[in-house]
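**Student:** Each chain, written out:
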Amino acid sequence: MTVRVSPAPFDPGAETNAFLKAGNGAGAAVTFTGVVRSKSDDPITALTLECYPELAINQLNDIVARATTRFDLLAATIIHRYGTLGPGEPIVQVMTLSPHRDPAFKAAEFLMDYLKTDAPFWKQETGPRGTHWVEAKAEDDAAKARWE
Amino acid sequence: MKILYFAWLRERLNRGEEEVSPPATVATIADLIDWLAARDEAFALAVEKRALIKAAVDAKLVPHTASITGAKVVALFPPMTGG
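Protein chains in written order, with this note's numbering: chain A, 1 to 148; chain B, 1001 to 1083.
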């Protein structure tokens, strides 16, 4: 089980390949990559993620431990960037490895739902209208609540 | 004790951290927020919606009822928006 929090860019393909190599006996791998979104009707030029790294590592390790207890997982990895990113750049990657697809999919969703509300990252968008902090969304709380 | 501030709370206070020495009567996160608000009008305005403010003691997420006794680093911040 691996957790990494860093300002360094990462390559989702290389991370996926390295993760799959660890999969002795696995029948299913799920990988999810969150990227910086910029829509034509709501463009952004940059996304800055602020982070409290010590708390982020503690929280992400706790989330992975809970997923491991709850689902039949052989491995799980969370990679999360911080700093200033451009449109299309990967922000987060969640990967799960399991004997079967159902726990692999469910655990990946569980990890994402928890990290969105419980890991100390804050997004600030910069675009034509200036810079603003992204507000927390009630639907993210609701997505986490369905696992409780 | 050191206090860390993040995101819009850091911007509104115009500082990312500060050293404070609250009296022994300040026992919990809620007490600490009250104490900081009483000595600083900008802080009082920034934390007007108390329920929005989240807290960590020595890099562990805690509720407002948590003790700060013996804490080295307390962090105060808005709801998280990662992922």
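The hints are simulated quantities; they were obtained by calculation from the structure and are not laboratory data.
Among these hints, one or two may not hold up.
[As the list claims (entries may be wrong)] In silico DSS-like pairs for lysine-lysine, Cα to Cα no more than 25 Å straight-line: (1) Lys21(A) - Lys106(A); (2) Lys1072(B) - Lys137(A); (3) Lys144(A) - Lys1072(B); (4) Lys137(A) - Lys1049(B); (5) Lys1002(B) - Lys1072(B); (6) Lys1060(B) - Lys144(A).
[To be verified] Computed beta-carbon distance windows for the label pairs: (7) Glu1048(B) - Arg4(A): 54 to 64 Å; (8) Arg1050(B) - Glu148(A): 22 to 32 Å; (9) Pro1079(B) - Pro87(A): 17 to 27 Å.
For glycine and all other residues, C-beta sits at the position ideal for the given N, C-alpha and C.
**Student:** Hint by hint, say whether it matches the structure.
**Tutor:** Hints, one by one, checked against the model:
1. Lys21(A) - Lys106(A): Since the Cα atoms of Lys21(A) and Lys106(A) sit roughly 21 Å apart, the hinted pair holds (cutoff 25 Å).
2. Lys1072(B) - Lys137(A): violated, 31 Å
3. Lys144(A) - Lys1072(B): violated, 31 Å
4. Lys137(A) - Lys1049(B): With a Cα-Cα distance of about 16 Å, the restraint between Lys137(A) and Lys1049(B) holds, given a limit of 25 Å.
5. Lys1002(B) - Lys1072(B): holds, 6 Å
6. Lys1060(B) - Lys144(A): holds, 19 Å
7. Glu1048(B) - Arg4(A): 54 to 64 Å: violated, 36 Å
8. Arg1050(B) - Glu148(A): 22 to 32 Å: With a Cβ separation near 23 Å, Arg1050(B) and Glu148(A) satisfy 22 to 32 Å, so the hint holds.
9. Pro1079(B) - Pro87(A): 17 to 27 Å: holds, 24 Å
Consistency with the previously given hints fails for numbers 2, 3, 7, ordered from lowest to highest.
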